[in-house]
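Listed in order, the protein sequences are those of chains A and B.
Numbering of the first sequence is given in our numbering, commencing with residue -11 and proceeding in unit increments.
Numbering of the second sequence is given in our numbering, commencing with residue 126 and proceeding in unit increments.
Warning: the hint list may mix true and false statements.
[Said to hold, decoys possible] Example chain B residues on the side facing chain A (calculated, C-beta under 10 Å, incomplete): (1) G135; (2) Q140; (3) L141; (4) I186; (5) D193; (6) I194; (7) T200.
[As the list claims (entries may be wrong)] Under 7 Å between C-beta atoms, here's a sample of chain B residues computed to sit facing chain A: (8) P155; (9) G166; (10) I172; (11) G181; (12) P184; (13) D190; (14) A195.
[What the hints assert, rightly or not] Now the in silico label distances, taken between C-beta atoms and shown as ranges: (15) T143/B - A458/A: 23 to 31 Å; (16) R51/A - E156/B: 40 to 48 Å; (17) S202/B - G207/A: 22 to 30 Å; (18) W591/A - G144/B: 52 to 60 Å; (19) G207/A - T143/B: 32 to 40 Å; (20) W591/A - T143/B: 43 to 51 Å; (21) T143/B - G255/A: 32 to 40 Å.
No lab work stands behind these hints, which were simulated from the structure alone.
Yeah, the Cβ is synthetic: ideal placement off N, Cα and C, and Gly gets one too.
Each chain, written out:
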Amino acid sequence: MSDSGSCHGAAPQTVNRKAGHYIALVGPPNAGKSTLFNRLTGLRQKVANFPGVTVEYHVGRVRDESGRDLFVVDLPGIYSMTPRSEDEKVTHDVLVGANLSLGKPDAIILILDSTNLQRHLVLAAPVLALGMPTLVVLNMADDLAARGGSVDPAALAKEIGAPVALISASTGEGVERVTHFLRGTGARPIAPAPKFVFPILQTLPARRRWAGRVGLQAGYTAPAPPEWTRRLDRVFLDAVAGPLIFLIVVLGVFQGIFTGAQPMMDGVEHLINWSGGLLGSYLPEGVFRSLLVEGVWGGVGSVVVFLPQILLLFLFIGILEDSGYLARAAVIADRTMARVGLQGKAFIPLLSAYACAVPAIMATRTIEDKRDRLATVLIAPFMTCSARLPIYTLLIAAFVPNTPLLGQFLGLQAAVLLGLYVLGFIAAVGTALLLRSSVLRHAKTMFVMELPPYRRPSVQTLLLRLMDRAVIFLQRAGTVILLVSVGLWILAHLPYENGKPPAIEQSIAGQIGRAVEPVILPLGFNWKIGIGLITSLAAREVIVGTLGTIYGIENAEKDSPPLIESLRKDLTPGGAYALMIFFAFAMQCFSTVAIVRRELGSWAWPTVQFAYMGFLAYFGALLTNQVWIAFR
Amino acid sequence: MQLSFNKGGGETLAQLRTGDRAYLHRLDLPEEMSQRLMELGFLPGTIVVAAGSAPGGDPRIFRVDGSDIALRRDTASRLYISAQPLSEAELL
């Protein structure tokens, strides 16, 4: 792949670049960049991170005629070449060659929305002025035609001195012209159109006037207004129907995650138990079987069960985002968010935080105001992420009777779970208010949100995004959680005495647990829970696997009772409630700590955050258990 | 940062009623904020239409240069408007 020596002359320098030829895909937000990227690369793509910053980017492979690989890098959307958010800075640095790991791209694909051509052309001026081989893609051709607009790509190409392709990424119409351009990039150096000197336009008004003139020369007729979008907005932003629909959507997402994912989760659990049992029956009795069945299958399996739920949440968020509703939801939420010192744009990361704080914290990058972003990052881990569900579900099933509260609609178990969600939300809001009245005090910030036309989400884009998430989740289960499970199993089996593993209480793990027991005893936790609290520092859901392993080893001789039975014997109801409260508040997630550190660029904030959340968790749990003891 | 209120500038976008339109005259905002708004189409001389609002009246939605943009009322009250198009001199 390193044989890119065919480039010479006027072409950009590409020799010896490890990645081979690469093409940067850029454009304003909402121009259909990801849809085109997925069309071009399909499954031959992966998520990567820029070193130093955690701006995720997608890189995909396209093979040219000579069998050489070309790489397309999907960059964050930009409005201008003056970077204002983290996202925009990444794109800017790549385009001007300031990103050392990638180097300057060999060519650029600039994607613009043809239904709003003149405003989008404003971005074309500074990008074309870079003087790199650039293909200008006018997307949404189908939409443009349907609404009676038109443009002459050939005339535009003549005006701007760069090839132009009118396409529709969502239907695939015209995409072959983009592929053709890509192949040209790989096969031979394509010089920028010779002798075309692009004017340097300093000010925005000058660029806008240029864009208007170029649009006219290209015979651009703006399409009729998007009638459907306006009709829908009249309903979705209506004074009465708007908030109602907003609530229905949010509640529907939750309901869907819990009830919709259940059959799939049961299925996965069944599969894991069945395969674990099968594995156990084929292996000879001994240390290896114990490690594999109790350590690996028990530990990793208890986490993999939650894959369907996480994917379902990401599916819902993906549909809401790609359809355009999420932008409206942010506008509706802005007034309420402003009361706690946040802004509407924080609604999107905070909603994703119900799935997982890690992508949520990455999604805060769209918030331009630094203090708004910091506040959102700091409160996001309080939102009840899906990793808390395993321990909540387990404890609720073991300790909360399912007394009906509102007939068939709400049982006590569901009410307790809902209460835990509310608790996390209150902690987040309280923390935001606290931050705003102390370290992050400042004048009101600006909230600007573009409302794109409503669009049908592309199934391919949704599925590819889900696959990303599944891979990331399974990678975590296969690395962090696997290591913790195996490590725990080993610590629970050492030191050997007379050629036999010790009783769990005498093992290294047991000794560690008993060492922390005095600190957590007032919370109602014994040493076994103590081990779980320590292992779950890696990830919350690990505690379920840990308890499974501990009780499994403890009851190895007898027919091991289900985890629920063991817990009932080991915990008081006060301790169980305290444990739920502990998990509602504590920042038991190494990935979150790491992502906060990378996003905010220092250890100071994640350290403060970890200590603050741990403090709330410890004293919240202490209070819960002591109140239970007092009123029992 | 304290924003300076420029008196005598007349009407602002915040006063525009839904369905009304006007020419954007001047952005009285810190450089960074006005730059962001200009990138989204809020350039002096452009026609802005008040297109609606979120439930409760804030933020408001403005139609400018082909797209719908939501702005808080206090931001909109920094964007001064005029009923007539700007003269050549004002545009520069």
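Here is what the structure says about each hint:
1. G135: 21 Å, violated
2. Q140: 19 Å, violated
3. L141: Violated: closest Cβ of chain A sits about 17 Å from L141/B, beyond 10 Å.
4. I186: With Cβ-Cβ at 7 Å, under 10 Å, it holds.
5. D193: Hint on D193/B: holds, closest Cβ of chain A at ~4 Å, below 10 Å.
6. I194: The hint holds - I194/B has a Cβ within 10 Å of chain A, the shortest such distance being about 6 Å.
7. T200: Holds. Min distance 5 Å.
8. P155: With Cβ-Cβ at 9 Å, over 7 Å, it is violated.
9. G166: 5 Å, holds
10. I172: Violated, about 13 Å.
11. G181: With a minimum Cβ separation of about 6 Å from chain A (threshold 7 Å), the hint on G181/B holds.
12. P184: Holds, because the Cβ-Cβ distance from P184/B to chain A comes to roughly 5 Å (cut-off 7 Å).
13. D190: 5 Å, holds
14. A195: Given a least distance of 4 Å, the restraint on A195/B holds.
15. T143/B - A458/A: 23 to 31 Å: 45 Å, violated
16. R51/A - E156/B: 40 to 48 Å: This hint holds: roughly 46 Å between Cβ atoms.
17. S202/B - G207/A: 22 to 30 Å: With a Cβ separation near 39 Å, S202/B and G207/A fall outside 22 to 30 Å, so the hint is violated.
18. W591/A - G144/B: 52 to 60 Å: For W591/A and G144/B the Cβ distance comes to about 53 Å; the hint holds.
19. G207/A - T143/B: 32 to 40 Å: 34 Å, holds
20. W591/A - T143/B: 43 to 51 Å: Given about 49 Å between the Cβ atoms, the range holds.
21. T143/B - G255/A: 32 to 40 Å: 51 Å, violated
Hint compliance for this structure: hints 1, 2, 3, 8, 10, 15, 17, 21 are broken, all remaining hints hold.
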